[in-house]
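Asks: Start from chain A and add chain B according to the hints.
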Amino acid sequence: MYLKKLILCLAALFLAPLSFSAWDDINMTPGANAIAQEIFGLHMTIFWICVAIGTLVLGFMVFLIIKYRKKEGVAPADFDDNPKLELTWTILFAVILVGMAIPATTTMIKAYDDEEGDINILITGHQWKWQYEYMEDEVSFFSNLLTSLDARNNIAPKTETYLLEVDEPLVIPVNKRVRFLITANDVIHSWWVPDFAVKQDAIPGFINTAWTYIDEPGVYRGQCTELCGVYHGYMPIVVKAVSDSEYKDFIQEKRDLKIQQALLTEKLWETDELVSIGEEVYLKNCVACHQVNGAGIPPVFPALAGSEIVMNDKRRQVEILMEGVQGAAMQSYAEQLSEVEIAAVITYTRQAWGNDAMGDGEIVAPKEILDYKNNKL
Amino acid sequence: MSAVIEGHHDDHHHGPAKGITRWLFTTNHKDIGSLYLWFSFIMLFIGGAMAMVIRAELFEPGSQIVSPEFYNQMVTNHGLIMVFGVIMPAFVGFANWLVPMQIGAPDMALPRLNNLSFWILPAAFGVLISTFFMEGGAPNFGWTFYAPLSTEYAPPTVTYFIFAVHIMGASSIMGSINVITTILNMRAPGMTLMKMPLFVWTWLITAYLLIAVMPVLAGAVTMMLMDIHFGTSFFKAGGGGDPVLFQHVFWFFGHPEVYIMILPAFGIVSHIIETFSRKPIFGYDSMVYAIASIALLSFVVWAHHMFTVGMPIAGELFFMYSTMLIAIPTGVKVFNWLSTMFKGSLTFETPMLFAIAFVALFTIGGLSGIMLAIAPADFQYHDTYFVVAHFHYVLVPGALFSIIAGAYYWLPKWTGYMYDEFLGKTHFWLSFISVNLTFFPMHFVGLAGMPRRIPDYAMQFADYNMIVSVGAFLFGLSQLLFLYVVLKAIFYGKKATGQVWEGAQGLEWTLDSPPAYHTFETPPNLEAGEAKG
Chain A
1 MYLKKLILCL
11 AALFLAPLSF
21 SAWDDINMTP
31 GANAIAQEIF
41 GLHMTIFWIC
51 VAIGTLVLGF
61 MVFLIIKYRK
71 KEGVAPADFD
81 DNPKLELTWT
91 ILFAVILVGM
101 AIPATTTMIK
111 AYDDEEGDIN
121 ILITGHQWKW
131 QYEYMEDEVS
141 FFSNLLTSLD
151 ARNNIAPKTE
161 TYLLEVDEPL
171 VIPVNKRVRF
181 LITANDVIHS
191 WWVPDFAVKQ
201 DAIPGFINTA
211 WTYIDEPGVY
221 RGQCTELCGV
231 YHGYMPIVVK
241 AVSDSEYKDF
251 IQEKRDLKIQ
261 QALLTEKLWE
271 TDELVSIGEE
281 VYLKNCVACH
291 QVNGAGIPPV
301 FPALAGSEIV
311 MNDKRRQVEI
321 LMEGVQGAAM
331 QSYAEQLSEV
341 EIAAVITYTR
351 QAWGNDAMGD
361 GEIVAPKEIL
371 DYKNNKL
Chain B
1 MSAVIEGHHD
11 DHHHGPAKGI
21 TRWLFTTNHK
31 DIGSLYLWFS
41 FIMLFIGGAM
51 AMVIRAELFE
61 PGSQIVSPEF
71 YNQMVTNHGL
81 IMVFGVIMPA
91 FVGFANWLVP
101 MQIGAPDMAL
111 PRLNNLSFWI
121 LPAAFGVLIS
131 TFFMEGGAPN
141 FGWTFYAPLS
151 TEYAPPTVTY
161 FIFAVHIMGA
171 SSIMGSINVI
181 TTILNMRAPG
191 MTLMKMPLFV
201 WTWLITAYLL
211 IAVMPVLAGA
221 VTMMLMDIHF
231 GTSFFKAGGG
241 GDPVLFQHVF
251 WFFGHPEVYI
261 MILPAFGIVS
271 HIIETFSRKP
281 IFGYDSMVYA
291 IASIALLSFV
301 VWAHHMFTVG
311 MPIAGELFFM
321 YSTMLIAIPT
331 GVKVFNWLST
341 MFKGSLTFET
351 PMLFAIAFVA
361 LFTIGGLSGI
371 MLAIAPADFQ
381 YHDTYFVVAH
391 FHYVLVPGAL
401 FSIIAGAYYW
411 LPKWTGYMYD
421 EFLGKTHFWL
431 SFISVNLTFF
441 PMHFVGLAGM
451 PRRIPDYAMQ
461 FADYNMIVSV
471 GAFLFGLSQL
481 LFLYVVLKAI
491 FYGKKATGQV
501 WEGAQGLEWT
511 LDSPPAYHTF
521 ETPPNLEAGE
531 AKG
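Residue numbers (my numbering), protein chains in the order written: chain A, 1 to 377; chain B, 1 to 533.
Hints in this document: simulated from the structure, not taken from any laboratory. Any given hint could turn out to be false.
[Unchecked claim] BS3-like mimics (lysine-lysine), calculated; alpha carbons at most 27 Å apart, straight line:
| id | chain 1 | residue 1 | chain 2 | residue 2 |
| --- | --- | --- | --- | --- |
| 1 | A | Lys267 | A | Lys284 |
| 2 | B | Lys18 | B | Lys488 |
| 3 | A | Lys373 | A | Lys254 |
| 4 | B | Lys425 | A | Lys71 |
| 5 | B | Lys343 | B | Lys195 |
| 6 | A | Lys314 | A | Lys373 |
| 7 | B | Lys495 | A | Lys70 |
| 8 | A | Lys70 | B | Lys425 |
| 9 | A | Lys284 | A | Lys314 |
| 10 | A | Lys240 | A | Lys158 |
| 11 | A | Lys267 | A | Lys176 |
| 12 | A | Lys254 | A | Lys158 |
| 13 | A | Lys258 | A | Lys373 |
| 14 | B | Lys495 | B | Lys425 |
| 15 | B | Lys236 | B | Lys343 |
| 16 | A | Lys258 | A | Lys367 |
| 17 | A | Lys284 | A | Lys367 |
| 18 | A | Lys71 | B | Lys343 |
| 19 | A | Lys254 | A | Lys176 |
| 20 | B | Lys343 | A | Lys70 |
| 21 | A | Lys258 | A | Lys240 |
| 22 | B | Lys343 | A | Lys67 |
| 23 | A | Lys84 | B | Lys195 |
| 24 | A | Lys84 | B | Lys343 |
| 25 | A | Lys314 | A | Lys240 |
| 26 | B | Lys425 | A | Lys67 |
| 27 | B | Lys494 | A | Lys70 |
| 28 | A | Lys248 | A | Lys176 |
Chain B extracted, bound-state conformation:
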């Protein structure tokens, strides 16, 4: 801390600006990281509230609290907000905070672009959420917005939705350019690519995925816009267009998007497991190759979302095999994490608990993914709650748990204060139990035949839906506790040391907690030592 105080004496304009302008005009990677993380946190509660409405409606058979129309709006916006408003911005927040600190750079390469890419995001979601108050209601065609339901048969607000998606895409592309430029140009001397911390590696690859597929999404929504307003027939069967084309274009974006939401999680979890195992990560090289293979494979598996659209058999088989291949690099990662724990010296602080739960429950989600890859069996699974169970297992106890784990892990570094360990563990156990209570029974109702995205269901699904709803309410409440733990740490927490965790390796832990407003203004020299995280 003394360094900071001295810094202020020397050089006044290097501290943060006062008041709201600090946040509006900031070009500081730490401030922008915090903005992204708080934005994501707020959106988590908005998207979560929508999930609560969904589960209240499905608590019992029969109409409960909302109309089928509003139910569809909830399902659609819950998906859109969780994907584009929670998981993705949270990871960008981590990237902003950590990439410069982990590679020994003073800031992101393009600070003004960084400011812009954050501040257009609240605008995008403002546009999206404002549709709830417009004539015709919010988008109601599912987060996958299949044409022609989202074009010829969409509510008039679909145009706002398209505009919002465009802005989100622009934000992601700018963020990715920034991450790539930073990583490739601003590493401390001596940090070769194969010495980068794994979180940096996962983000480098994620950023390339984003740059590759966000324009495809933009293309899809632009074609929708043309169909709706300018009389084209890209997806209109009546005009000679092709509704299936939409699905191909969407999932060519959509599948890499799925990995965009999980690769940074792999990075975060790797760091946490090695720290609390007090042992270096097992198989660093194979971890990097596995991430790269997953990223490459993600471009050739998209039509496994479309096994029932009537593809020729060659297509069905190709996409079945390519999808199954993904199990190999994913399996490698899981085994590497277990091997990192093997013969370690394990302690179970909150970040480690969430990281271990991530590995365990992500494995369950991965295994149901293999089942879904089997094309003939997918005729029975497709668009049922089995799929809902699968992707929630990889996104909630997967991506979201990694974000929570990372937040506990780096919170002392970011804020300078420790969180309350007892409350953190309570938060973990509540989340762990309720997440399984919510999503595990979904496998059962899905196999038994309950389609997804329905506001009401047949009597045989009643018992499990009630259990799922109870679990969901509990999970929702548990996240309020998370908010409390974070606020309590910031306002009443004990001071944290620079090292924070006994076993933590990496450049960020050589800094004070909290780090000075500007760090690594002269890069650390790593020519001699190892920088692997």
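Isolated chain A, as found in the complex:
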């Protein structure tokens, strides 16, 4: 009696979520392009073969358990082999496997194709953000997690795209062959968009390729899938597929932005202006390691509040932001942020948390960053 009830309860526990969760929540995505759909089909074929084999084996086992329980007066058989039978099932396994290998090989060959695309995008993994560079258009930008710390710490509500949203998605046109060239700047990452069936490791020193061809405009989301350090779980991928004209507008906008930023660098800046821009930049790019209160997580991520460099050594601070720190998680921001943003964030850290009172409180003008760049070049 109890056993029956127990089994019923368990069955309910397993099956209940199935009844009200969509098939998508428990299975692979069918995919948004031809090759992803083919891989999905292959997955389902192999899956059903495995389910069939599993059902037969487990079913036979249940039969054995019921049928051959020890009974009074029934002696066990004593055979211990049957070479013909054993040979038969060995061959049977081989035949099933060949049946699986044939479609797998055809799909594999189709998926593996590194011809040049209509559009070629260099994807670089950084700890913990993606950089996208449109090679033909000389446009480049970084894509950061948008989800707020408050949402992650359960203070603010979580949206439907929790942890799967970025500030600047990768934009690609539909009906074009898009080739991705994938590499990394620090450790190994992996660029995965399930709807494209693209998962390629981003490895420092290597350039891997992958490609996609999208018919329908839409937003496709994915995540980094290779453990890449503390914030591995916080570097999502968002790809927006748009019409060709929208794509051209997007590229133009990016180019205009570049020119504007160059002009802004020349402007004379007030401290307050820099500090307020700097705070925004800081919250977006720096808090993950150095924390909102500038205390960091020593010893891995040093504190900025009360730091000797941040208070009194402007030169060195600029150098750290521009070059990164060898052998530490601190990377170069020279390409990730504009001159204005770098100047602003340095100014902000020199003013915040009482650093201005304890240190020299000097500001850094965008022009100085530009000079640093030019001297170096």
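Replies: Same frame as chain A, now just chain B:
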């Protein structure tokens, strides 16, 4: 028992020493076997506690109880401890207890080496666990420690980690030399290789695998050490090195390692199924050939862990085909176990329950393994919870269940006392239900796109993660019951007979329960009879 008492009268120095020195200086295979098994049991609870932290953190979306940094340390050390501290030492413990008793030998061939190979193991794990209390925290780069995350970007404690891995490797190599020497030289007269009990066969092959691959692991961590401290660039792209090389070297060790953790399980389960089916094992010869084929194939499949690193297509196809081949010998084994049960006279004591669950759930893990072998589909499965589900199915209801089954099966032999059958069965049902509750839904979230090793996840994975966590807590609690059952048997159990189980075959069952401190000082003569286990 009377034999033991008489023995004491005759010969005083043959009994165990008194107090702590008995365990520190012991060269007795039974004592060392017990040490290995208790060590593994303790590590199970430490590694298990880490799993509980992981599941508590993943109970709901959002940050729960630990920081992402500590989460990574938990994931890494959970893996390392379960692989090197639980499964492997447990099997070495079984080998120490059983190999001499099953082949009719008085002890292991190299008793002092045996003592050393055990006692450096707690030292290795002491070093590893001490990193939690050091500046920078414990290793946080996953148990697969891919460079350059584990070299240029590792916490400073990585050097302790490397040292610990070296010691573990040395322990395994010494243990393997001992097992091979014992099996090849000390079998009772008449026990030819093809008459050895299957557990002995699986360990002979496992020991060869260990000797082949542990030095490769040592090489990998030595190259890491050089990169970190001596300015070499084996894995440093900036210095002309190759981060992918690390993965090739690691998995050349890592894949045979996977079979090191399952082959002895095959041996244990074979013995249990034949005993409780009251029928000899079906297809003994094909069992041996299957184990040997699995072992050989394990050397040519390593890059199926690396389908997404950008190998040329020929490589992808080769490793896909070779991996699929493993399904053949594995399938043969499963069918042989079922055929052993066919027309048997089955009873379902706790060891048999765990053994049957092993066959059933290992089959599920094997089938998801075939799915993972399909390279193009693996682009979608790789590094998701589907993989986590797969390898936990072969390692928990696989390897761990076989260890638990073996412990129930031989506990009366080892201790001389029966365990409480009702509690044993309760332990089985709790474990069986909760293990599936834990690992089955992982297939779903994995296919739906949840990457592994993340401390927080998107909203669509929330329901199943909560179920998984509940299952995991229940599974963790169930193992406390296991500890209670073992202790209760040792302190309050009923006396066991020498035969223990009605259908048990093999030399160990001809001994008393518990066996005398030294057994088979004169080898049994098997020239006439069958010794197959």
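Asks: Confirm or reject each hint.
Replies: How the hints compare with the structure:
1. Lys267(A) / Lys284(A): Answer holds: Lys267(A) to Lys284(A) is near 24 Å, not above 27 Å.
2. Lys18(B) / Lys488(B): Given that 27 Å is the threshold and the Cα spacing comes to 23 Å, the pair holds.
3. Lys373(A) / Lys254(A): Given that 27 Å is the threshold and the Cα spacing comes to 21 Å, the pair holds.
4. Lys425(B) / Lys71(A): holds (21 Å)
5. Lys343(B) / Lys195(B): Cα-Cα ~24 Å, so holds.
6. Lys314(A) / Lys373(A): Satisfied, since the Cα-Cα distance of roughly 15 Å is no more than 27 Å.
7. Lys495(B) / Lys70(A): Holds. Lys495(B) to Lys70(A) sits at ~25 Å (cutoff 27 Å).
8. Lys70(A) / Lys425(B): Distance of about 18 Å is within 27 Å: holds.
9. Lys284(A) / Lys314(A): holds (22 Å)
10. Lys240(A) / Lys158(A): holds (22 Å)
11. Lys267(A) / Lys176(A): violated (41 Å)
12. Lys254(A) / Lys158(A): Distance ~30 Å between Lys254(A) and Lys158(A) Cα, so the pair is violated.
13. Lys258(A) / Lys373(A): holds (16 Å)
14. Lys495(B) / Lys425(B): OK: Lys495(B) and Lys425(B) at ~19 Å, within 27 Å.
15. Lys236(B) / Lys343(B): violated (60 Å)
16. Lys258(A) / Lys367(A): holds (16 Å)
17. Lys284(A) / Lys367(A): Between Lys284(A) and Lys367(A) the Cα gap is close to 23 Å, so the pair holds against 27 Å.
18. Lys71(A) / Lys343(B): holds (12 Å)
19. Lys254(A) / Lys176(A): Satisfied, since the Cα-Cα distance of roughly 20 Å is no more than 27 Å.
20. Lys343(B) / Lys70(A): holds (10 Å)
21. Lys258(A) / Lys240(A): holds (21 Å)
22. Lys343(B) / Lys67(A): This hinted pair holds, its Cα atoms lying about 8 Å apart.
23. Lys84(A) / Lys195(B): Answer holds: Lys84(A) to Lys195(B) is near 22 Å, not above 27 Å.
24. Lys84(A) / Lys343(B): holds (18 Å)
25. Lys314(A) / Lys240(A): violated (40 Å)
26. Lys425(B) / Lys67(A): holds (21 Å)
27. Lys494(B) / Lys70(A): holds (24 Å)
28. Lys248(A) / Lys176(A): holds (13 Å)
The structure is inconsistent with the numbered hints 11, 12, 15, 25, although it conforms to all the rest.
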